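Q: This is what each chain is made of:
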Amino acid sequence: MTTQTHVAPRLVEVRQNVLKQNDIVARALRERFRQAGVLAVSLVSSPGSGKTAFLEKALTLLRARYKVAALVGDLATENDAARLARSQAPVKQILTGTVCHLEAAMVQSALDGWDLNQLDFLFIENVGNLVCPSSYDLGEDLRFVLLSVTEGEDKPLKYPTIFNSADVAIITKADLIAAVEFDEPAARRNIQCVRPGMDILKVSSKTGEGMTEFLEFLDRRRVQGKNVGAGL
Amino acid sequence: MHELSIAMSIVEMAQEEAARRGAIQIQAVHLRLGRLSGVVKEALLSSYEMACEATLLQGSQLLIEEIPVEVFCPKCEQPRLVDSIQWFCCPECGTPTPTVLHGKELEVVALEITE
Chain A
127 MTTQTHVAPR
137 LVEVRQNVLK
147 QNDIVARALR
157 ERFRQAGVLA
167 VSLVSSPGSG
177 KTAFLEKALT
187 LLRARYKVAA
197 LVGDLATEND
207 AARLARSQAP
217 VKQILTGTVC
227 HLEAAMVQSA
237 LDGWDLNQLD
247 FLFIENVGNL
257 VCPSSYDLGE
267 DLRFVLLSVT
277 EGEDKPLKYP
287 TIFNSADVAI
297 ITKADLIAAV
307 EFDEPAARRN
317 IQCVRPGMDI
327 LKVSSKTGEG
337 MTEFLEFLDR
347 RRVQGKNVGA
357 GL
Chain B
1084 MHELSIAMSI
1094 VEMAQEEAAR
1104 RGAIQIQAVH
1114 LRLGRLSGVV
1124 KEALLSSYEM
1134 ACEATLLQGS
1144 QLLIEEIPVE
1154 VFCPKCEQPR
1164 LVDSIQWFCC
1174 PECGTPTPTV
1184 LHGKELEVVA
1194 LEITE
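Here the protein sequences come in this chain order: A and B. The numbering of the first sequence is the working numbering, which starts it at 127 and goes up by one. The numbering of the second sequence is the working numbering, which starts it at 1084 and goes up by one.
The following block holds chain A by itself, in its conformation from the complex:
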C-alpha cells in the first residue's frame, strides 16, 4: 500500500465585503453628487405602487424652480422613460435585462454624458422590487420607499429589510384610502416598527395631495446637504 501525504486545507483569513465593488462605485458616485451640489434621490417600491406616476408629477413641479433629471430602471421596455419625458426633464432608461435591481455601476454608466453640475436634483427610480434593491447602495443621498394604499398596511412588516434600508417612506395613492379602507394609523405604526423615527409623507399623484409637503421636504434636505457639503 502506498502512502499518500494528505495535505490538510489551510484556513486563510480574507475579510472582504462581497459587494465591495458596488460599494466602491457607490462611494465615488456619492462624492460626485456632493461635489456637483446635486441631491440624488432613489425610489424603491413593489411593482405598480405608483413610482412612475409620482415621479412624473414631482419632475413636472420641480422643473418650475430647479434643474432636475431622472434615471429609470426596468427589466424591459422604455415605457417609463417615455412617460417621464412628458415632464420635459432629461430622462434616461436603464434596461437591466433579467437583473432585478439597479447596481451602482449601472447608475454610473447611465450618467455618461450628463453634466451633474447643471443639476439640482437627480432621481433614480429602481426596478419595482421590494427585496433585492435593499442590498445595493447606489450612492444616493436619500432613499425613498413607496407604499401604495392598495397594497395594504402590513407591507412594511412583510418587507422589513427594504424599509429599514430607506430614509423616508411615502404613502402613495392617498386618493384611494377610503375606497380600499386603508388603515393609515396601522401603516404608520408598522413603518415605525421596522424603522423607528422614519419620516413619512403621504401623496396622491392624481389629486396632487401632499406634493407641496414633499417639495418642501426635498427643499429642506437639499439645503441641509449643501450645508454639510460646505462643512457647516
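FYI, nobody ran anything at the bench for these hints, they're computed from the structure. Take these hints with a grain of salt, some might be off.
[What the hints assert, rightly or not] Restricting the straight-line Cα-Cα distance to at most 25 Å, the calculated cross-link-like pairs of lysine to aspartate or glutamate (DMTMM-like) are:
id, chain 1, residue 1, chain 2, residue 2
1, A, K284, B, E1100
2, A, K146, B, D1166
3, B, K1187, A, D301
4, B, K1187, B, D1166
5, B, K1187, A, D293
6, A, K183, A, D301
Just so you know, these numbers come straight off a predicted model, no measurement behind them.
Dock chain B against chain A, hints included.
A: Positioned in the frame of chain A, the structure of chain B alone reads:
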C-alpha cells in the same frame, strides 16, 4: 432573486484570492451573513453550488455564520439584540432603536485552501 449574482461575486472573490496565494483547490468559503443583508441563506446556498461549477470551488462548501441584528438602545445605552426584524425596539425596555450596529454583514471572512 439576486442571490445568484451574490454567489458569483463570492466565487470570483475566492478565485482571485486563491490565485494570489497559488492555491490549487478551495475546499470551503466562510461567510458572515447578516439577517438584514437582504440575502436569503437557502437561496444563496443553492445558487452557490451553481456558481461553483467548473471552477476551483467545485464541490466546496459555503459555511454561513448568521449574524443577528444588534441595535443600540439609547435609553439603556447598551447594544441589544432584537428578537425580530419587524420590531426594532429594545428587548429590555421597549425603547425604539433606530441605530443598527450589526446585521447588514455580507462578507467573506476566510477560505480553506490547498496550496
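Q: Evaluate each hint against the coordinates.
A: Structure-based check of all given hints:
| no. | hint | result |
| --- | --- | --- |
| 1 | K284(A) with E1100(B) | 38 Å, violated |
| 2 | K146(A) with D1166(B) | 29 Å, violated |
| 3 | K1187(B) with D301(A) | 36 Å, violated |
| 4 | K1187(B) with D1166(B) | 15 Å, holds |
| 5 | K1187(B) with D293(A) | 16 Å, holds |
| 6 | K183(A) with D301(A) | 15 Å, holds |
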